[in-house]
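Chemist: The primary structure of each chain is shown beneath.
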Amino acid sequence: MLSKRTFTCIVCPNGCTIETVCADGAVKSVTGQKCKRGEEYVTQELIDPRRTIATTVKVHGAPWPLCSVRLNRAIPKKDIFRVMDAINKVELQAPVHIGQVVIANVCGLDSDVIATKELPAKE
Amino acid sequence: MENRDVVIIGGGPAGLAAALELKKGGIDDILIIEREKQLGGILRQCIHDGFGLTRFGQTLSGPEYAQRFIDEVLAMGIEAMTNATVIDLSGDKVVTAATPKGLIQVQAKAVILTMGCRERTRGALAIPGTRPSGIYNAGVAQSYMNLFNTMVGREVIIMGSGDIGLIMARRMTLEGAHVKAVFEVLPYPSGLPRNIEQCLHDYGIPLYLSHSVCEIMGDKRITGVKVVEVDSAMRPIPGTEKVFSCDTLILSVGLIPENELSLAAGVELDWRTKGAVVDENLQTNVPGIFAAGNVLHVHDLVDFVSLEAEALAKGAAAYLKEGPLEKCAIEVGMDAGIGHIIPHRVSGTKDFQISLRVRKPVGKCTIMVKQGETVIASLSLPKAIPAEMIQFPVKAEKILTGERIEVSVHVK
Ligand SMILES: Cc1cc2nc3c(=O)[nH]c(=O)nc-3n(C[C@H](O)[C@H](O)[C@H](O)COP(=O)(O)OP(=O)(O)OC[C@H]3O[C@@H](n4cnc5c(N)ncnc54)[C@H](O)[C@@H]3O)c2cc1C
Ligand code: SF4
Numbered sequence: 000m001l002s003k004r005t006f007t008c009i010v011c012p013n014g015c016t017i018e019t020v021c022a023d024g025a026v027k028s029v030t031g032q033k034c035k036r037g038e039e040y041v042t043q044e045l046i047d048p049r050r051t052i053a054t055t056v057k058v059h060g061a062p063w064p065l066c067s068v069r070l071n072r073a074i075p076k077k078d079i080f081r082v083m084d085a086i087n088k089v090e091l092q093a094p095v096h097i098g099q100v101v102i103a104n105v106c107g108l109d110s111d112v113i114a115t116k117e118l119p120a121k122e
Numbered sequence: 000m001e002n003r004d005v006v007i008i009g010g011g012p013a014g015l016a017a018a019l020e021l022k023k024g025g026i027d028d029i030l031i032i033e034r035e036k037q038l039g040g041i042l043r044q045c046i047h048d049g050f051g052l053t054r055f056g057q058t059l060s061g062p063e064y065a066q067r068f069i070d071e072v073l074a075m076g077i078e079a080m081t082n083a084t085v086i087d088l089s090g091d092k093v094v095t096a097a098t099p100k101g102l103i104q105v106q107a108k109a110v111i112l113t114m115g116c117r118e119r120t121r122g123a124l125a126i127p128g129t130r131p132s133g134i135y136n137a138g139v140a141q142s143y144m145n146l147f148n149t150m151v152g153r154e155v156i157i158m159g160s161g162d163i164g165l166i167m168a169r170r171m172t173l174e175g176a177h178v179k180a181v182f183e184v185l186p187y188p189s190g191l192p193r194n195i196e197q198c199l200h201d202y203g204i205p206l207y208l209s210h211s212v213c214e215i216m217g218d219k220r221i222t223g224v225k226v227v228e229v230d231s232a233m234r235p236i237p238g239t240e241k242v243f244s245c246d247t248l249i250l251s252v253g254l255i256p257e258n259e260l261s262l263a264a265g266v267e268l269d270w271r272t273k274g275a276v277v278d279e280n281l282q283t284n285v286p287g288i289f290a291a292g293n294v295l296h297v298h299d300l301v302d303f304v305s306l307e308a309e310a311l312a313k314g315a316a317a318y319l320k321e322g323p324l325e326k327c328a329i330e331v332g333m334d335a336g337i338g339h340i341i342p343h344r345v346s347g348t349k350d351f352q353i354s355l356r357v358r359k360p361v362g363k364c365t366i367m368v369k370q371g372e373t374v375i376a377s378l379s380l381p382k383a384i385p386a387e388m389i390q391f392p393v394k395a396e397k398i399l400t401g402e403r404i405e406v407s408v409h410v411k
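Line by line, the protein sequences are chains A and B.
Each residue of the first sequence is one higher than the one before, starting from 0 at the first, in numbering that gives the first Met the number 0.
Each residue of the second sequence is one higher than the one before, starting from 0 at the first, in numbering that gives the first Met the number 0.
Mixed in with the good hints there might be a few duds.
[To be verified] Distance condition first, Cα-Cα at most 30 Å in a straight line; then the derived BS3-like pairs of lysine-lysine:
#1 B:K394 / B:K273
#2 B:K363 / A:K27
#3 B:K273 / B:K382
#4 B:K382 / A:K3
#5 B:K36 / A:K121
#6 B:K411 / B:K313
#7 B:K359 / A:K35
#8 A:K35 / B:K100
#9 B:K326 / B:K369
#10 B:K22 / A:K77
#11 A:K57 / B:K36
#12 B:K225 / B:K326
#13 B:K363 / A:K35
#14 B:K225 / B:K23
#15 A:K3 / B:K359
#16 B:K179 / A:K57
#17 B:K382 / A:K27
#18 A:K57 / A:K88
#19 B:K179 / A:K88
#20 B:K225 / A:K33
#21 B:K359 / B:K225
#22 A:K88 / B:K36
#23 A:K33 / B:K411
#24 B:K326 / B:K382
#25 A:K35 / B:K382
#26 B:K326 / B:K363
[As the list claims (entries may be wrong)] Now the stretches of chain A that chain B is said to cover, found in silico as 3 or more residues with beta-carbon under 8 Å:
#27 101 to 111
#28 115 to 122
[As the list claims (entries may be wrong)] Sample of chain B residues at the chain A side, in silico, Cβ under 7 Å:
#29 Q66
#30 L73
#31 I77
#32 N145
#33 N148
#34 R193
#35 V297
Hints are computed from structural coordinates only; laboratory data are not their basis.
Idealized CB from N, CA, C, for every residue including glycine.
Working from the sequences, and respecting the hints, build out all of it.
Modeler: As structure tokens, then:
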């Protein structure tokens with residue numbers, strides 16, 4: 000059984016349209032990508048689509064009420080809302096630094112939630 | 000009155016990159032003036048990742064990308080005044096700013112315009128119906144949610160398929176809102192394909208092309224919108240009206256460069272970009288006033304903003320060290336396939352970079368840069384869409400005459 004699928008690569012702003020042909024669960028051809036990362040992306044997408052997410056967490060003692068955070072590694076797409084729930088339970092205390100681990104190994108998915116903003120403690 | 004070599008108006012990514020490059024080019028007397036309490040510009044609220052791929056080879060969030068430049072600006076001892084709004088700029092480069100300590104005036108030798116852009120508003124679009132609350136520009140909703148911890152609504156309709164609206168569709172979905180649909184009046188999306196994919200498709204949010212919001216309903220708070228399908232001439236098709244209930248309408252219908260100050264200084268604007276008319280050095284018609292970033296033309300990628308500001312800094316440094324820059328007498332024109340182009344004028348003696356957007360989506364095509372019948376540069380593309388800015392270099396050695404340069408799109 001041949002199955003064809005068309006993807007939009009989300010790895011970079013070029014957004015290449017990539018066509019794949021699979022036969023009996025094996026990838027037969029990948030065409031349309033401008034670079035190798037596109038091939039890696041669709042191969043992953045065919046077996047286990049993954050995404051990173053970015054959101055905010057509450058922070059105390061800083062000049063602003065929120066600190067932005069993101070995942071440092073992609074997680075399975077189906078786990079996105081489970082991870083959002085976990086992140087929404089966390090609150091931080093200033094100072095916060097970029098790269099600071101907010102939740103290590105979130106939901107056991109081998110990805111850390113890290114802070115993406117510098118927040119000094121309020122004087 | 001204080002004197003400065005350079006005043007940079009706006010401490011976003013364009014202003015920060017220009018400052019760093021000027022400093023590295025041996026210009027020390029620099030003042031950045033920024034309206035907000037912090038540097039970083041609009042990136043402070045763009046918390047999603049995807050920034051810095053070309054520059055740092057790594058995908059960062061907006062605040063992380065900005066912080067790298069802020070850290071460098073501070074480390075190099077460049078002076079930045081925050082919480083200070085420039086309220087006037089004169090043609091002889093006197094900058095007037097309102098600060099917490101009162102008004103200040105600075106006489107600059109060169110002025111860099113990096114004020115960014117603002118969002119188009121609904122008023123400008125004139126949708127009939129009531130004027131209830133619950134209607135936000137996408138960027139305003141983004142700042143409420145990402146900076147001030149205020150959720151704007153639960154049942155959301157998005158009008159316009161610009162990138163900020165797409166990013167907000169995903170953001171609000173993650174925070175538990177139900178984003179019902181995105182309506183775009185054009186027959187193609189105005190945002191990047193990757194954002195359609197990762198912000199709409201990933202979350203099952205439908206995008207209706209050739210659909211216009213024709214009425215807003217609700218008394219105090221918005222309760223719904225009426226939408227209608229439009230034909231190829233953007234005329235409503237009778238009988239296709241549908242009502243969608245909602246408590247929030249997000250508008251993502253485009254950005255306009257912020258150029259009130261430029262006009263005050265006598266800077267000539269291009270009606271297409273709504274930004275300054277510039278030469279290959281990104282100098283405006285007023286010698287010593289330069290512009291880059293979103294104030295010049297709307298960018299979708301901050302990596303390109305940084306590069307553009309760095310190119311500007313080279314011209315501005317030369318102006319400060321060597322005096323007036325070479326005259327740019329060769330005009331750069333375009334055919335109907337191109338929406339806008341930067342720069343507008345070149346000298347013919349210097350390599351330069353062309354930035355343009357096509358007017359509508361086309362398939363396989365070649366962008367040709369010609370003087371008369373002579374092709375001086377070209378770029379072949381598998382496809383071109385207005386959502387993506389196209390950039391490529393032109394070599395001075397190919398420019399042999401003072402004849403006008405024409406840029407055109409040839410579809411295969
Ligand atoms: C809401 C929004 C979301 C965006 N999201 C993305 C994205 O996700 N990814 C991406 O790559 N690009 C995004 N962009 C494009 C973004 O504009 C560029 O990436 C980049 O931020 C532009 O840099 P800039 O320095 O030209 O403008 P800005 O970042 O807007 O900075 C301009 C600065 O000038 C200051 N200023 C303005 N007027 C004055 C004055 N009179 N006096 C003093 N200071 C002044 C402003 O306060 C601001 O800090 C977005 C743009 C907007 C408007
Ligand atoms: S295939 Fe390569 S160039 Fe094309 S969008 Fe993906 S990462 Fe970018």
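Chemist: Confirm or reject each hint.
Modeler: The hints, checked one at a time:
1. Between K394 of chain B and K273 of chain B the alpha-carbon distance is near 27 Å, which keeps this suggested pair within the 30 Å criterion.
2. Restraint check for K363 of chain B and K27 of chain A: the C-alpha separation of about 26 Å stays at or below 30 Å, so the hint holds.
3. Pair hint K273 of chain B plus K382 of chain B holds up; C-alpha atoms about 26 Å apart against a cutoff of 30 Å.
4. A C-alpha spacing of about 22 Å is found between K382 of chain B and K3 of chain A, which places the hinted pair at or below 30 Å, so the restraint holds.
5. A C-alpha spacing of about 14 Å is found between K36 of chain B and K121 of chain A, which places the hinted pair at or below 30 Å, so the restraint holds.
6. This hinted pair does not check out: K411 of chain B and K313 of chain B have alpha carbons roughly 38 Å apart, beyond 30 Å.
7. A distance of roughly 29 Å separates the Cα atoms of K359 of chain B and K35 of chain A; the hinted pair therefore holds under the 30 Å criterion.
8. Under the criterion of a C-alpha separation no larger than 30 Å, the hint pairing K35 of chain A with K100 of chain B is inconsistent with the structure, at around 55 Å.
9. With a CA separation close to 21 Å, the supplied pair K326 of chain B and K369 of chain B stays within the 30 Å bound.
10. A hinted pair counts as satisfied when its Cα atoms are at most 30 Å apart, and K22 of chain B with K77 of chain A does not qualify at roughly 48 Å.
11. In summary, the hint linking K57 of chain A to K36 of chain B is supported, as the alpha carbons are separated by about 20 Å, within the 30 Å threshold.
12. At most 30 Å may separate the alpha-carbon atoms for a hinted pair to count; K225 of chain B and K326 of chain B exceed this at roughly 54 Å.
13. Pair hint K363 of chain B plus K35 of chain A holds up; C-alpha atoms about 22 Å apart against a cutoff of 30 Å.
14. Pair hint K225 of chain B plus K23 of chain B does not hold up; C-alpha atoms about 55 Å apart against a cutoff of 30 Å.
15. Under the criterion of a C-alpha separation no larger than 30 Å, the hint pairing K3 of chain A with K359 of chain B is consistent with the structure, at around 29 Å.
16. The hinted pair formed by K179 of chain B and K57 of chain A meets the criterion: a straight-line CA distance of about 27 Å does not exceed 30 Å.
17. A distance of roughly 25 Å separates the Cα atoms of K382 of chain B and K27 of chain A; the hinted pair therefore holds under the 30 Å criterion.
18. Taken as a hint, the K57 of chain A and K88 of chain A pair is honoured in the structure, with Cα atoms around 9 Å apart against an allowance of 30 Å.
19. With a C-alpha separation of about 27 Å, the suggested pairing of K179 of chain B with K88 of chain A holds against the 30 Å cut-off.
20. Of the pairs offered as hints, the one joining K225 of chain B and K33 of chain A is violated, with about 41 Å between alpha carbons and a cut-off of 30 Å exceeded.
21. The suggested pairing of K359 of chain B with K225 of chain B holds, with an alpha-carbon distance near 27 Å, which does not exceed 30 Å.
22. Between K88 of chain A and K36 of chain B the alpha-carbon distance is near 29 Å, which keeps this suggested pair within the 30 Å criterion.
23. Pair hint K33 of chain A plus K411 of chain B holds up; C-alpha atoms about 20 Å apart against a cutoff of 30 Å.
24. Between the alpha carbons of K326 of chain B and K382 of chain B the distance comes to roughly 35 Å, so the proposed pair goes past 30 Å and is violated.
25. Taking the CA atoms of K35 of chain A and K382 of chain B, the gap is near 19 Å; set against the 30 Å cutoff, the hint holds.
26. For the hint pairing K326 of chain B with K363 of chain B, the CA-to-CA distance comes to about 36 Å; that exceeds 30 Å, so the pair is violated.
27. Coverage of the stretch 101 to 111 of chain A by chain B is violated in this model, with 0 residues showing a Cβ closer than 8 Å to a Cβ of that chain against a need of three.
28. Check on the stretch 115 to 122 of chain A: 3 of its residues sit with their Cβ under 8 Å from a Cβ of chain B, so the three-residue criterion for coverage holds.
29. Given the 7 Å rule on beta carbons, the hint for Q66 of chain B holds: about 6 Å separates it from the nearest Cβ of chain A.
30. With a cut of 7 Å, the hint placing L73 of chain B at the interface with chain A is violated, because the nearest CB-to-CB distance is about 11 Å.
31. Interface hint status for I77 of chain B: violated, as the beta-carbon distance to the closest one in chain A is roughly 18 Å, over 7 Å.
32. For N145 of chain B, the suggested interface contact is upheld, since its CB lies about 6 Å from the closest CB of chain A, less than 7 Å.
33. This hint holds: N148 of chain B has a C-beta 5 Å from the nearest C-beta of chain A, less than the 7 Å allowed.
34. Hint on R193 of chain B holds. Least Cβ distance to chain A is approximately 4 Å, under the 7 Å limit.
35. Annotation: interface hint on V297 of chain B violated; nearest CB of chain A at approximately 15 Å, more than 7 Å.
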